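Student: Sequence:
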Amino acid sequence: MAYSEYMNGWLSPRIFSPKVVGVFLLLFILPLLVILSADKVADPDALYHIRHAWVYRTQSLTDSAFPWVQFSVIKTAGADLWYGFHILLTPFTYGNNLGLNIKIAGGIFAGLMLFSFYHFLRRQTIKWPLVWTLILYVSSADFFLRNNSSRPQTLSLALLSLLMLIFSLPEKSKNKWRHLLAVSAMGFVATWIHAAFFWIFLLLGLIYAASSFVVKKRLPFAEIGALIFGNAVGIALRPNPLAAANLLYTQLFRLAVEKQRVSLLLGQDILPLDFVSFLRQLIPFAVLILVAFFLAWKLRKKSDSKLSDNKKILQYTSLVMLVIFSLLALTTARRASDIAIFYGIILAALVMEKALEYFRRPRLFLGVLLAFLLITATRHIYTLREHLRSFSAVPVNRFQEVALWLKANTVPRTIVFHPVWDSFPSLFFWNQNNYYINGMDPIFTYALNQELYWQQHNIAIGGKMYACKTPPPCDPIKSVDIIQIIQKDFHSNYIALDLVRNSGLARNLIVDPRARLMVRGADTALFKIGGE
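Using the working numbering, the first residue of the sequence shown is number 2, and each one after it goes up by one.
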């Protein structure tokens with residue numbers, strides 16, 4: 002089979018068979034129904050992403066300046082790490098209901114990820130690819146949550162499936178230059194959409210190359226070179242590429258160093274996976290992997306002559322990626338578990354495929370997998386519902402009253418102080434006339450000015466009328482009044498509060514004669530400080 006014929010397999014009559022069309026519709030409709038059934042946005046960053054895409058569409062597709070976060074290296078850099086993702090979101094920015102649009106976009110992105118994974122398994126002739134794909138979808142509460150949010154990581158997982166598919170093409174079907182072009186294109190698109198994932202694609206390429214050397218005694222230097230070239234082009238073909246590379250360094254490497262030294266106000270997905278979270282998140286997945294390891298051990302003396310070289314390479318690659326990202330989840334950031342799960346499911350599917358050659362009880366295996374799928378889905382749908390009741394998930398109209406009042410009653414570009422950094426997406430979603438303190442990730446403020454960061458940090462967690470420029474706790478005698486801090490250091494006379502997390506500060510501001518309550522929402526408030 003020629004390479005061009007293989008790549009055109011998407012257009013062959015079989016791709017439009019009733020079975021494949023039915024699977025396609027299921028894998029797109031299922032996440033869309035899950036997302037639309039939620040009364041909140043699972044990840045508030047989605048509100049930022051859709052509004053930033055709207056800014057590109059209504060202003061300029063080539064201007065990545067972002068002055069809305071005044072105390073952040075994102076403003077000084079004038080670059081966008083998620084540039085390609087925001088460009089892809091622009092078709093969803095038409096109409097008057099961007100809150101609905103971002104949910105629809107999230108369903109489509111999740112569908113692309115699931116169908117790409119299904120297609121990869123199907124092309125590897127893995128039994129029951131749909132069952133394995135659905136197991137991936139509900140494999141952990143975090144994975145289920147994050148891939149039902151409109152995040153660039155979901156598209157990155159879809160691209161990992163496609164890159165694995167391209168790598169695993171049979172040698173006889175490869176046209177060298179088209180193959181290298183396809184590898185390079187995957188590297189380009191992945192980095193252009195989500196720059197922070199570039200290293201994962203490079204790591205996959207290196208591990209796949211090492212596995213290929215073990216099995217075939219050859220190193221695919223050309224493929225690795227094509228992947229590196231594609232990644233470089235993905236960074237270069239965006240506004241301010243050097244500044245974007247500097248932001249990438251801040252988000253990946255400086256964050257990894259600083260969070261080992263100091264306790265920043267980071268999202269849970271950036272912190273290591275603790276034991277309690279492991280029990281809540283990954284027990285079903287861990288059981289599946291242990292069963293796969295047990296089967297692999299039982300089959301260790303069996304001849305693997307029926308296993309193709311490509312499947313052996315996929316097994317080794319998946320195993321190494323599973324181990325690396327499991328360790329990263331436990332020691333660095335729990336969101337690394339998404340990649341561990343992705344490759345763990347591939348490894349389990351390959352091992353059980355081999356097991357079926359010897360045990361020959363497919364109905365039993367299928368029944369166990371379906372029971373596992375049902376239990377896991379029930380467990381993690383319940384966990385998602387719990388998340389939607391927490392403050393981590395936000396209604397689309399969060400901060401609407403506050404933001405619209407500011408838009409109508411303040412001069413454009415007036416800076417608004419918000420103690421909690423992740424209040425920014427909701428404020429920015431509703432009001433682009435004002436500027437805010439920071440957003441996306443606190444490391445970007447910390448990298449700009451550590452004293453400013455600690456002042457905001459201490460105001461957020463302390464709820465007192467004083468704060469200091471150093472890590473908590475703050476000595477009241479050596480601290481500074483927060484009214485002075487907000488006006489002098491953050492150049493703001495307005496404080497937007499999340500009343501769930503800043504209730505103590507709200508109570509103190511209510512009784513302070515220098516502060517006036519201007520707006521009170523369901524769980525938000527706006528105070529004005531200083532004179533008229």
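No lab work stands behind these hints: they were computed from the structure. Misleading hints may appear alongside valid ones.
[Claimed, not checked] Heads up, simulated DMTMM-like pairs for lysine to aspartate or glutamate below, C-alpha to C-alpha not over 20 Å straight-line:
{"no.": "1", "residue 1": "Lys177", "residue 2": "Asp310"}
{"no.": "2", "residue 1": "Lys479", "residue 2": "Asp490"}
{"no.": "3", "residue 1": "Lys302", "residue 2": "Glu387"}
[Stated by the list, open to error] Just the calculated beta-carbon pair ranges, DEER-fashion:
{"no.": "4", "residue 1": "Pro240", "residue 2": "Asp482", "range": "46 to 54 Å"}
{"no.": "5", "residue 1": "Ala409", "residue 2": "Phe230", "range": "49 to 57 Å"}
{"no.": "6", "residue 1": "Ser38", "residue 2": "Arg508", "range": "47 to 55 Å"}
{"no.": "7", "residue 1": "Ser264", "residue 2": "Gly368", "range": "46 to 54 Å"}
Bear in mind that the values here come from a model prediction, so they are computed numbers and not experimental data. Yeah, the Cβ is synthetic: ideal placement off N, Cα and C, and Gly gets one too.
Student: Hint by hint, note whether the structure agrees.
Tutor: Hint-by-hint comparison with the structure:
no.: 1; hint: Lys177 to Asp310; in the structure: holds, 19 Å
no.: 2; hint: Lys479 to Asp490; in the structure: holds, 17 Å
no.: 3; hint: Lys302 to Glu387; in the structure: violated, 46 Å
no.: 4; hint: Pro240 to Asp482: 46 to 54 Å; in the structure: violated, 40 Å
no.: 5; hint: Ala409 to Phe230: 49 to 57 Å; in the structure: holds, 50 Å
no.: 6; hint: Ser38 to Arg508: 47 to 55 Å; in the structure: violated, 36 Å
no.: 7; hint: Ser264 to Gly368: 46 to 54 Å; in the structure: holds, 48 Å
In terms of the numbered hints stated before, the structure departs from hints 3, 4, 6, listed from lowest to highest.
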